[in-house]
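Peer 1: Spelled out, the chains give:
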Amino acid sequence: MNFIFKLFNAIKSGMKHLFMRRLTFRYPNQKLRFYGDGYQYDPKEGVGVAGYRGRHILYLEKCTGCSLCFMMCKGISQAIQMINLPEKDVSINKKSNFPQIDYAKCVYCGFCVDICPFKALFETNEYEIVSYDKESLLFTPEQLAIKPKYKGTYEIQYGKRGAYHG
Amino acid sequence: MSEIRTFPDFLKRLIIVLGGLLFLAIIIFGVLIYTVPAISNFNNILLESFSNPIVMLNYLDSLGVGINSLFFKIVIFPGYTWAALIAAEIIWFERKFLGKMQMRVGPLYAGLIGGILQPLADVVKLLSKEMISPGRSDKLIFYSIPLLINAIGAALLVVLPVSEGWLIMRSDVSILIVFAVIGFAPISVLLAGWASNSKFPFIGGLRGLHQMIAFEIPMLMAALSVVLLSGSLDLVNIVQAQSSIWFIVLMPIGAIVFFIALLAELERIPFDIPEAESEIVVGYITEYSSMAFGNIQLGTYIRFYALSGIFTTLFLGGWYGPQFLPARFEIINQIEWFTLKTLLVMVIIIILRGVNPRFRIDLLLRFGWSRLLVLAILNLFIAIMILQMGWFPFLGGI
Amino acid sequence: MSELTISVGPQHPGSGHFRLIVKLDGDKIVEVIPDPGYVHRGEEKIAEYRNYIQNIPHFERPAIHDSSNILFAYVQAVEDLMNLKIPERGQYIRVIMAELNRIIAHLYYFAIYGIFVGHSTMFMWPMGDREHFIDLAQMISGQRVGFAFLIPGGVRNDIPEGMMTRVNDACNYFEKRLTEYERIFMNNPIFEKRAKGIGKLSKEDAIKLGVVGPTLRASGVKADIRKDEPYAVYDKLDFDIPVSKDCDSWARAWVHIEEMRQSMSIIKQALKDMPSGPVKLNLRGQIRAPPGEAFSRAEASRGAVSFYLVSNGGMNPYRIRLITPSFRNLIAIPHILKGLLLADIPPAFWSLDYWPVEADR
Chain A
1 MNFIFKLFNA IKSGMKHLFM RRLTFRYPNQ KLRFYGDGYQ YDPKEGVGVA GYRGRHILYL
61 EKCTGCSLCF MMCKGISQAI QMINLPEKDV SINKKSNFPQ IDYAKCVYCG FCVDICPFKA
121 LFETNEYEIV SYDKESLLFT PEQLAIKPKY KGTYEIQYGK RGAYHG
Chain B
167 MSEIRTFPDF LKRLIIVLGG LLFLAIIIFG VLIYTVPAIS NFNNILLESF SNPIVMLNYL
227 DSLGVGINSL FFKIVIFPGY TWAALIAAEI IWFERKFLGK MQMRVGPLYA GLIGGILQPL
287 ADVVKLLSKE MISPGRSDKL IFYSIPLLIN AIGAALLVVL PVSEGWLIMR SDVSILIVFA
347 VIGFAPISVL LAGWASNSKF PFIGGLRGLH QMIAFEIPML MAALSVVLLS GSLDLVNIVQ
407 AQSSIWFIVL MPIGAIVFFI ALLAELERIP FDIPEAESEI VVGYITEYSS MAFGNIQLGT
467 YIRFYALSGI FTTLFLGGWY GPQFLPARFE IINQIEWFTL KTLLVMVIII ILRGVNPRFR
527 IDLLLRFGWS RLLVLAILNL FIAIMILQMG WFPFLGGI
Chain C
565 MSELTISVGP QHPGSGHFRL IVKLDGDKIV EVIPDPGYVH RGEEKIAEYR NYIQNIPHFE
625 RPAIHDSSNI LFAYVQAVED LMNLKIPERG QYIRVIMAEL NRIIAHLYYF AIYGIFVGHS
685 TMFMWPMGDR EHFIDLAQMI SGQRVGFAFL IPGGVRNDIP EGMMTRVNDA CNYFEKRLTE
745 YERIFMNNPI FEKRAKGIGK LSKEDAIKLG VVGPTLRASG VKADIRKDEP YAVYDKLDFD
805 IPVSKDCDSW ARAWVHIEEM RQSMSIIKQA LKDMPSGPVK LNLRGQIRAP PGEAFSRAEA
865 SRGAVSFYLV SNGGMNPYRI RLITPSFRNL IAIPHILKGL LLADIPPAFW SLDYWPVEAD
925 R
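Protein chains in written order, with the working numbering: chain A, 1 to 166; chain B, 167 to 564; chain C, 565 to 925.
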């Protein structure tokens with residue numbers, strides 16, 4: 001008898017969910033909303049600013065080519081290499097060395113942002129980096145300098161009939 | 167398409183034709199032949215006189231394929247096309263229903279609303295794959311099992327009474343035909359596991375054999391008590407004996423026994439041990455690909471519909487609506503009552519799938535041979551007692 | 565008489581990435597020999613080539629959905645060596661992140677348990693509810709899976725505004741979900757038949773074999789590192805340790821559910837009691853630990869994880885020894901699977917919460 005009572009409880013619990021809202025997030029039509037502008041780091045205070053760790057953004061006029069980001073990533077995933085761009089004439093960058101990031105290898109840990117002392121490398125909200133071949137996943141410094149356009153408005157909300165993405 | 171060199175190759179071709187193209191062709195042909203003349207305006211000389219639907223139907227009658235003919239009954243309405251359409255509907259409905267219970271969407275992108283063409287997309291996908299078999303399997307048996315499973319499902323549709331005058335074959339021993347056809351099911355499962363020549367299908371086939379044989383006997387005894395109460399082996403007479411009170415009210419234990427045995431025969435969760443255990447991959451259908459797999463799925467779902475229909479006939483009063491309903495429900499006639507009740511039984515089986523985990527084979531066999539058989543025999547005694555006491559004088563018409 | 569040896573192997577839907585060599589007699593199991601090492605990649609050796617900060621994404625990879633707890637032990641070992649004192653606010657945020665991670669890992673446990681028993685609803689519900697907590701973790705740390713949030717010296721960034729309301733919403737919602745889980749899964753009579761009495765591990769055997777974590781607590785031993793040797797701010801928070809006296813698979817699943825409840829109450833208390841201040845010590849320059857040894861333990865979601873760190877004064881650690889809870893629980897697998905049936909293997913060994921990547925490192 002106990003068996004039937006517990007089975008009935010299970011069925012009742014299952015039927016209750018027929019009247020709840022679905023949690024599914026319909027990806028290409030709906031995009032998630034991130035608070036803030038991406039992960040940033042303040043070298044004077046020594047703490048980061050909370051944000052999403054997506055694609056990097058490089059401020060060319062602030063980068064001095066010190067290669068600290070390259071040295072940090074050398075032990076993690078070797079995604080950053082320094083290349084020489086002689087046509088970019090930035091006054092504080094004497095040798096014109098800028099970092100390029102290979103997103104086939106990057107693990108988005110954000111330690112390159114933590115180590116940069118000149119506020120030249122931050123991370124942004126964009127995460128949709130796709131391509132048909134591996135070579136186009138290698139982002140040159142000019143590609144990294146473009147500010148991405150990501151706009152998302154959906155997040156989890158709690159309603160009377162359950163939680164949903166709205 | 168590949169060449170046909172041996173008999174198993176011919177069977178392969180037959181599976182593809184039967185499963186995919188014939189299914190689509192029957193539906194399209196069967197629907198077109200009865201609706202196009204009524205709605206279109208042919209300018210053809212030959213069909214000029216047929217733009218009138220009544221003339222068209224008379225013409226079809228003279229050919230032998232009219233609405234009341236055997237061809238229509240077998241192929242179109244309560245026959246294969248109807249069952250196949252309901253099977254495709256139920257596949258879609260099950261996925262959406264389980265999705266809603268699990269707080270997610272089911273199929274969404276195929277078709278205009280809610281992924282309703284998803285079964286069609288599945289059929290097209292299965293048609294485009296290559297049909298391979300393991301190297302040292304027994305090809306003859308391997309490729310005839312999908313056809314057998316389809317045939318079992320289709321053969322059960324022959325005696326299913328959709329309404330009082332509308333069934334394919336009416337015979338005096340309908341219930342025996344049903345149980346004889348069900349008896350083929352364990353053989354097909356065992357042979358599928360054997361012919362695949364691989365250890366996971368073999369384990370699944372043996373488990374399926376044990377499970378189905380263990381649950382056929384309580385099913386038979388529950389049906390036996392129904393036969394006792396109604397006094398005949400004919401399914402139409404059984405329904406007519408329920409015209410004032412349904413058998414589920416008189417014998418609730420028998421109905422529950424039959425229902426649980428039904429779940430085990432159909433291999434639905436919580437009894438789907440031969441089919442989908444996380445430890446024997448998919449069980450006896452592991453090695454089947456392309457349209458052979460599609461045929462097995464189709465045959466299983468047609469058998470699901472047919473056996474739910476048998477349950478409705480035996481216990482839920484067949485095509486009779488409840489007598490206490492007000493008069494405005496009289497436009498729902500017999501066919502629709504039958505279909506409604508069968509669909510209700512199927513929905514209950516789908517709900518049980520969403521809420522329960524799977525049994526283990528030794529617990530299942532212990533349950534089937536000890537508890538369920540005892541309940542079935544108890545139910546038989548109750549039926550005999552009802553008959554002898556004479557409380558319902560219209561029963562036991564022998 | 566006739567013994568069949570099959571291998572529930574790496575390519576199998578019911579095993580995870582390691583091999584179990586099973587000797588069967590009909591359907592009964594005679595002996596089980598686990599064969600780990602399929603995903604061994606030498607993490608302790610790789611760690612000698614990276615400095616202390618570069619080791620952080622490295623050491624969160626063994627159990628990626630439980631990463632903050634393993635990093636907890638690592639950063640405490642490094643701070644022991646360097647004699648650092650972390651600010652209060654940083655400790656509270658570390659505790660919040662660790663408890664969020666514990667809930668995420670336990671929900672994954674239930675989802676896979678659902679698949680192994682054949683309960684598709686119990687697979688979908690925990691995976692859906694995990695979304696709420698992964699969103700919370702992403703608001704704090706910036707990533708959904710590999711957080712890399714705890715570093716020697718504190719945490720990487722402060723909590724954004726408005727976290728308190730969101731955490732409260734999620735915890736209230738999840739409390740109601742836990743009652744539904746109990747109704748449809750834990751108290752489901754068919755699941756009770758499959759889990760009660762299966763895979764018994766008595767109290768004496770558990771202590772003798774040296775298992776850790778929820779396995780130990782489900783066998784009647786009240787042992788938890790958060791209460792026995794409190795680290796961070798666990799001694800200031802008020803919570804309970806669930807212990808169960810029946811030592812079977814059902815008790816282990818029950819312990820997991822109760823731990824999730826306690827984690828939620830810890831998170832709410834920590835958010836309320838958190839003082840203001842800095843979250844991180846500003847260690848200018850690279851981290852260079854003085855020569856010495858350090859040992860530290862933490863309570864991960866699967867049990868006790870321990871780090872033993874030897875340094876010779878350089879930029880890289882000289883030797884790191886990492887013992888994960890799955891490695892300690894590996895010894896219990898042949899013990900509990902003796903005498904069961906073949907169909908019991910996936911549910912019974914998963915109730916020990918064995919994660920092959922963590923055990924192989």
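Calculated directly from the structure, the hints in this document are not laboratory data. As the structure is a prediction and not an experimental result, all values here were calculated from the model. Be aware that one or more of the hints could be misleading.
Some but not every residue of chain C turned toward chain B, in silico, with C-beta under 10 angstroms [as the list claims (entries may be wrong)]:
1) Lys-587
2) Asp-591
3) Gly-678
4) Gly-682
We treat Cβ as the ideally placed atom computed from N, Cα and C, and that holds for glycine.
Peer 1: Determine for every hint whether it applies to the structure shown.
Peer 2: Verification of the hints:
1. Lys-587: Hint violated; Lys-587(C) Cβ to chain B Cβ min 15 angstroms, cut 10 angstroms.
2. Asp-591: holds (8 angstroms)
3. Gly-678: holds (8 angstroms)
4. Gly-682: Nearest chain B Cβ about 3 angstroms off; hint holds.
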